[in-house]
Amino acid sequence: MIDDWIIFLLLFLAPVVSSIPIALAYKSKGWTEKLPYLSVFGIFVSVLMSLYIFFVFPENQQYAYDWIPDLGINIVLITDYLSRYMGVITAVIAFFIAIYGLDYMRGDYRPSWYWFFFNLFTASMLLVVYSDNLFLLFVGWEGLGAASWGLIGHWFRDDDEIAYVGVPKRKVGPLELSWPPSFGGWRAISTIRFGDVPMFFAIAAIWVFTGNLNISEINWESLFLNIGAAGTVILLTLFLMGLLTKSAQVPFSEWLMTAMTGPTTVSALLHSATMVAAGAFVFIKISWYIKPWELHHVPGLNYVYLFALFIGLISGLYGALAASGMLERKVLLAASTMSSLGLMFGAAAASYWIHEEVMPGINLALLVAFWYMAVHAFAKASLFLVSGHLIHATHTRFSVGALEFGKRMKPAFITTIIATTFLIGMPPLTAYWVKSGMDEVMEHLIHPIGFLPLILLILTSLVYAAILAKFLSLNFIKGEKPHHEHLEGGGLMKLGYGLMVSMLFVLIYLIFTRTETAGFVHAGFMPTSFAVGMSILVAYLIAIYKPRMTSFAKLGTFFNDRMYLPFVNDYIFPKTGFFVSHLVQDYGNRGIDGFFNTKVMPGLFERISKGIRTIQTGYLKTYVQIVLGLVMIFLIIAAIGGMRI
Amino acid sequence: MELAMAMMLLALAILTLGSVGSFKYRQLGFYAAIVALIIGLTACRSFYYGAFIFAIGIINLVSLIGIKSEIEGVDYGLVGLMALATMYIANTSDFALVLAALVLVSVPTYILVMIREGGANVEVGIKYITFMVFATVLFLIGAIILAYTKNSFDGVLYILGYVMLILGLSLEVGVAPLHEWVPDVFTSADPIPVSIIASLAKIVPFIAALWILIYTANSITASITIFTAVLAAISMFTGNIGALTSKEHARVLAYSTVANMGYVLACVVVVPVVVVIEHGLTIIKPEFIYLALAGGLLMLFANAAGKIGFFNAIKGEGAYSPLMYILAFSFIGVPPLMGFWGKLFILLSLVEVGYIWLVALVVINSAISIPYYVRLASELSIDWKANLTNFIAVAVVLITLVTVAFLPVNWFLEGMEVLAHTMGIAI
Chain A
1 MIDDWIIFLL
11 LFLAPVVSSI
21 PIALAYKSKG
31 WTEKLPYLSV
41 FGIFVSVLMS
51 LYIFFVFPEN
61 QQYAYDWIPD
71 LGINIVLITD
81 YLSRYMGVIT
91 AVIAFFIAIY
101 GLDYMRGDYR
111 PSWYWFFFNL
121 FTASMLLVVY
131 SDNLFLLFVG
141 WEGLGAASWG
151 LIGHWFRDDD
161 EIAYVGVPKR
171 KVGPLELSWP
181 PSFGGWRAIS
191 TIRFGDVPMF
201 FAIAAIWVFT
211 GNLNISEINW
221 ESLFLNIGAA
231 GTVILLTLFL
241 MGLLTKSAQV
251 PFSEWLMTAM
261 TGPTTVSALL
271 HSATMVAAGA
281 FVFIKISWYI
291 KPWELHHVPG
301 LNYVYLFALF
311 IGLISGLYGA
321 LAASGMLERK
331 VLLAASTMSS
341 LGLMFGAAAA
351 SYWIHEEVMP
361 GINLALLVAF
371 WYMAVHAFAK
381 ASLFLVSGHL
391 IHATHTRFSV
401 GALEFGKRMK
411 PAFITTIIAT
421 TFLIGMPPLT
431 AYWVKSGMDE
441 VMEHLIHPIG
451 FLPLILLILT
461 SLVYAAILAK
471 FLSLNFIKGE
481 KPHHEHLEGG
491 GLMKLGYGLM
501 VSMLFVLIYL
511 IFTRTETAGF
521 VHAGFMPTSF
531 AVGMSILVAY
541 LIAIYKPRMT
551 SFAKLGTFFN
561 DRMYLPFVND
571 YIFPKTGFFV
581 SHLVQDYGNR
591 GIDGFFNTKV
601 MPGLFERISK
611 GIRTIQTGYL
621 KTYVQIVLGL
631 VMIFLIIAAI
641 GGMRI
Chain Z
1001 MELAMAMMLL
1011 ALAILTLGSV
1021 GSFKYRQLGF
1031 YAAIVALIIG
1041 LTACRSFYYG
1051 AFIFAIGIIN
1061 LVSLIGIKSE
1071 IEGVDYGLVG
1081 LMALATMYIA
1091 NTSDFALVLA
1101 ALVLVSVPTY
1111 ILVMIREGGA
1121 NVEVGIKYIT
1131 FMVFATVLFL
1141 IGAIILAYTK
1151 NSFDGVLYIL
1161 GYVMLILGLS
1171 LEVGVAPLHE
1181 WVPDVFTSAD
1191 PIPVSIIASL
1201 AKIVPFIAAL
1211 WILIYTANSI
1221 TASITIFTAV
1231 LAAISMFTGN
1241 IGALTSKEHA
1251 RVLAYSTVAN
1261 MGYVLACVVV
1271 VPVVVVIEHG
1281 LTIIKPEFIY
1291 LALAGGLLML
1301 FANAAGKIGF
1311 FNAIKGEGAY
1321 SPLMYILAFS
1331 FIGVPPLMGF
1341 WGKLFILLSL
1351 VEVGYIWLVA
1361 LVVINSAISI
1371 PYYVRLASEL
1381 SIDWKANLTN
1391 FIAVAVVLIT
1401 LVTVAFLPVN
1411 WFLEGMEVLA
1421 HTMGIAI
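In order, the protein sequence lines correspond to chains A and Z.
Take the first sequence: its position 455, counting from 1, is numbered 455 in the numbering used here, and each next residue is one higher.
Take any residue in the second sequence, count from 1 to its spot, add 1000: that is its number in the numbering used here.
No lab work stands behind these hints, which were simulated from the structure alone.
Predicted model only: the values in this text are computed from it and were never measured.
Take the hints with a grain of salt, since some may be wrong.
Said to hold, decoys possible - Partial chain Z-side listing against chain A, Cβ under 10 Å, derived:
| no. | residue |
| --- | --- |
| 1 | Y1031 |
| 2 | F1047 |
| 3 | L1160 |
| 4 | I1166 |
| 5 | W1181 |
| 6 | T1225 |
| 7 | F1227 |
| 8 | L1244 |
Said to hold, decoys possible - Under the rule of at most 27 Å between Cα atoms (straight-line distance), these lysine-lysine pairs were calculated in the DSS-like manner:
| no. | chain 1 | residue 1 | chain 2 | residue 2 |
| --- | --- | --- | --- | --- |
| 9 | A | K599 | Z | K1247 |
| 10 | A | K481 | A | K494 |
| 11 | A | K610 | Z | K1385 |
| 12 | Z | K1247 | A | K621 |
| 13 | A | K494 | A | K34 |
| 14 | A | K410 | A | K291 |
| 15 | A | K169 | A | K610 |
| 16 | A | K621 | A | K610 |
| 17 | A | K575 | A | K478 |
Said to hold, decoys possible - What follows is a set of in silico ranges between Cβ atoms, one per label pair, in the way DEER data are often shown:
| no. | chain 1 | residue 1 | chain 2 | residue 2 | range |
| --- | --- | --- | --- | --- | --- |
| 18 | A | P602 | Z | I1038 | 17 to 27 Å |
| 19 | Z | Y1025 | A | G618 | 37 to 47 Å |
| 20 | A | Q62 | Z | A1405 | 54 to 64 Å |
| 21 | A | E59 | Z | I1356 | 23 to 33 Å |
| 22 | A | F596 | Z | I1356 | 36 to 46 Å |
| 23 | Z | A1360 | A | G591 | 17 to 27 Å |
| 24 | Z | I1356 | A | I636 | 27 to 37 Å |
Idealized CB from N, CA, C, for every residue including glycine.
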C-alpha cells in the first residue's frame, strides 16, 4: 500500500514540485530559460505514473487515507474505468503541450508565472480525475479555477493586440466587443465562481444527508428518495451549476471565448484535457455511480437529466453556429469546443433513458460521452497547437493562409487535415465510430422524448464539420495571403502537435480492439449512421470549397457576436450588480455605517470612557464611597434575590 | 507529618532566617528566597503549576535588584513568602490553609506597595491597604458563610456568601466596578512592586475562590453564576475601554489588568456545571474543571509574564522591541502564544456551560484590546541593550513561549488533573 501511495504522490506532486524552482527563480533570466525543462520533466513523471496506474494497478480499487474523517473529508482515490483512462489522457496531453510550450513560450516576459500555473493546472486536473471523495475533487476543481485565472490572464499587461479577443474598437450598442487578457482572466474566474459556490453547497448537502462524500460509496438512491423530488432537483441543479459553468455551457459560455486571450498552449490544455473537460468528466463520473437508468422510480431525477440533455444539445448547436461566423482562429476553435462539450453533456445525460450496459457497470451513453471526450481532447489540442504555430508564423490571430502558405507549413497542414477529419465523424475515421454510438443513443431517445435530440445532434454535427473545414480552408487553402510570414524554427512545436495528432491513430486502434467499444463499431455499420457520416463528409467538403459565403455576411456577424450573449455577461449582469450595490450603498450602508458606526457606537464609547475616567478622582474618600455603596447595593440585591429563590 | 509539608516548613524557615540575616548582609535575603523557592518547587505536587510559579517568583525577585529600597533584604523575603504560599495552595485540600494562603499572599503586598527609592510611598500604601483589608474581610466572611451553608443549608445565606466572596475577590484583584484603586495605585507606586502585585499576587485569590466555590457548590449555584458573569463582562469592557482611552503606560496596564481579571473571573461561572448534585451526592465532572483551571491559570500566567515585562520596561524606560511585541501579542491572544491558550480554554469552558453571550463578549473585547497593546509595545520599544530590564523581558518572553515550544498544550490540561486532585476537587 505504501508503494501505491508513492505512485500517487509522484503523480500529483511531481508537476507542482518541479515548477517551484522556476517560480522562485523568477528574477534570473538565465535560470528561467533553463528551468522549463525541469517543469516538463515533472509532467513526464506524471505521464509515467498514470501509465503505471493504468497497466499495473487493479481496476476499481479505492485508496483511502483519513484526513478529516469527522466531516467525511478524506483522501480517497479510485482507479475506476474513467479515471484510469482520463488520467493517462490528461498527463499525456499536458506533456505534449508542455514540449510544444518550450518553443512557444521562449522569450516570454514571465516564464515563471506561466510554468508554475501550467503545472498546477495539470496536477489539479489529475486530482479531479482520480478523486473519489467529493471534497478532494473540489480541491482539484478550485486548483483548476485558480490556475486558469493565472494562465488566461498571463499577458496581464494587455500591451499586445495579438492576445485580444474580438475586433478592436468594434462597438455594438453600448458595448465594445473586444476583450484584453486581464479581462479574460477575470471573466473566467468570476463565471466559474458563480457555479462553484452552489456546487460547494451541494457537496455540503450531500454530506449532511448521507454522511459520506465518496462518490462510489454514496447511496444515491436513498439520498434522492430521502430529499424528495424538489430536493433532488435543487441538489443536482446546484451541483450542475459548477459543472455547466466550468464546461462553458449556455448561458455561461462567454468566459471560454475570452479565455482565448491566454497563450495558445493554455487554450490547448484548457480545451482538451483540463478545465472544460473537467465539467463533462465529473458529470459522466457521477452519472456512472448514480446509475440514473436504474432510478426511474425516483421522482425528480428525470427533470434533471432532461435539463442536462437539452442544455448540452442546445449548447452544441449554439457553439457550432457561433463558430460558423467567426474568423479568429482560436475563438472559432473555442466555440467548437463548447459545441463538443455540449454533445458530451447531451450524451451523458441520455444515460437516464439508456438501459443498455455494454459491459457490467458500463452504460453505453456514458461510454460514448467519455470516448468522444477522449477523441475530442487529442484532436482539439492538435488544432490549437497548430493555430498557435500559425499565429507565430503570420503574426495575426485572424485566419489567413492560401495554398502556397499551406505547402510551406506542411506539418501544420497535415496535422490540421488529420485532426479535423478524425474529429468531425466522417467514415471511417476515429470519431465516426464514437459518433455512430452517439447516433444510436439519440435514436433510443425517440421513444421517450421524440426526434428533437437526434435532430439537434445531426444538425450540430453538420455545422461542426463545416466549421472545422472552414478552419482548414481559410488557414491553408483558400484564405488571404498572409502579410507577414515567419517560418523558421518551431521544431518543438511541430513535434508537439505531431505527437498529439498521432494519438488519434492509437485511439482508433483501441476502439477496434477493446471489448467495451465493440458496440461503436457495430453502430458504425448501421445504415443510418453511415448516412449521417456521409452527410457530414459532404458538409465538410462543401465548406472547404466555399469557406465564406458573403451573401450570409449579416448572419455571420450575428453568429460571430455569439448571438449577443456577451450582453448578458458584460451588460445585464454588471448593471444588475451595480444597481444592487447602489441600493446597498445608498440605503443599507448609509443607514448602518452612517448611523450605527459613526453615531451610536462612537457616542456610546465616548460616554463609557468618560465615565470610566471621571471616577478616577484620586481621592480615597470617593473611592471608598463608591466601593462601599456598590457592595451594599449588591448585597441587598443578593439578599432579596436569594429570598425569592 | 508528610514530607511535602515538612519541605514547605523548611523553606519557610530558610526564608525567615534569610530575612533576619539580611539586616546584616543584604544579599542573604535574596539567596535565601531563591533556596526557599527551590525547596518549595520540589515539594510541589503539581509540577507544571509549581514550575510556572517558581519562574514568576524568581523573576519578581530579580526585578527587585533594580530598586534600592529601605527594606532591601526583607522585600526578597516577602516575595519569597508570596511565591511559597502560591505554590502551597495547590498542595492543600484544607479549607483553613486555603484561607491562610490567601492572607499570606495578600499581606506582604501591603508593605511591597510602599517601596520606593529613598523612603516609603505612604499615600499609595493607605489607598491600597484600605481596599485590601476590605477585600480580605469580605472574602473571608463570604468563604466562612459558604462553609457554614455546606453543613446546614440556607439558600439566602448561601447567596449572600457567594456574592460576598465574589465581591471580595473582585476588590482584591481589581474587577470592575470595584476597580477604582487599581489605576491610582498602578500609576503612583513604583513600577517594580506594581509588577509583583499585578503578577504573583493575582493567582492565589482566584484559586482560593474557585476552590471554595466548588467545595461548597449546591443546587442553587447555577442560578447565581449570572452575577459573576455580569461582573466579568463589565470588567472586560471597563478595562479595555479605559485602556484604549488612556495615555500613561502604567494606567493602560492598570486597565488592562481590570480587563484580564474580567476574563479570568469568567472561568468561575463554570463551577455549577463542574458540580452536579444528584440524589444528595456531589458528582464532579472533572473535564470541565480542568478546562476552566487551565484557562484561568494560563491567563494568569500570561498576564503575570506580560505585566512584569511591561512594568519593568516602564521602569527601565523601554525594552527590546521584539520582546515587547511578543508580550503584546500574547495579551491580545495571538496563537500559539500563552495568552491565546488561556483565552481558548476559558472560551471552551464557557461554551460547555452554555454562556455563549459571554464567549461573544470575550472575543469582542479581545478585538478591542488590540490597538492599545500594540501601541504600548511600540511606545516601549527601544534597541537592544544588555541590561536588567532586557534580561527580565527575555525571561518573561520565554515563559510566554513555553506553549509555543511544547505544542499542543494538552500537557497543561493533563497537569490540571494532578492539581485538581491534590486540591481535593476532582474524583
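message = Interface hint check: F1047/Z, Cβ to nearest Cβ on chain A, cutoff 10 Å. Holds or violated?
response = 33 Å, violated
Can you let me know if the beta-carbon spacing of P602/A and I1038/Z is within 17 to 27 Å?
For I1038/Z against P602/A, whose Cβ atoms are near 53 Å apart, the range 17 to 27 Å is violated.
Hint validation: Y1031/Z versus chain A, beta carbon distance must be below 10 Å. Holds or violated? 38 Å, violated
Q: Given the hint that K621/A pairs with K610/A, test it: the Cα-Cα distance must not exceed 27 Å.
A: Within the cut-off at roughly 20 Å; holds.
**Message:** Less than 10 Å between beta-carbons is the criterion; does T1225/Z satisfy it with respect to chain A?
**Reply:** Status violated, d = 13 Å.
task = Go through the hint on I1166/Z and say holds or violated, using the shortest Cβ distance to chain A against 10 Å.
result = Holds: closest Cβ of chain A sits about 9 Å from I1166/Z, inside 10 Å.
Going by Cβ atoms only, is L1160/Z closer than 10 Å to chain A? Hint on L1160/Z: holds, closest Cβ of chain A at ~6 Å, below 10 Å.
* To do: Look at the Cβ atoms of Q62/A and A1405/Z and judge whether their distance stays inside 54 to 64 Å.
  => 40 Å, violated
Taking the Cβ atom of I1356/Z and the Cβ atom of I636/A, is their distance within the range 27 to 37 Å? 30 Å, holds
**Asked** Holds or violated: 36 to 46 Å for the Cβ distance of F596/A and I1356/Z?
**Response** 23 Å, violated
So, F1227/Z near chain A? Judge it on the closest CB pair being under 10 Å. 7 Å, holds
Taken at face value, is the distance from the CA of K478/A to the CA of K575/A at most 27 Å?
43 Å, violated
Hints 1, 2, 6, 11, 14, 15, 17, 18, 20, 21, 22, counting from the list given before, are not met by this structure.
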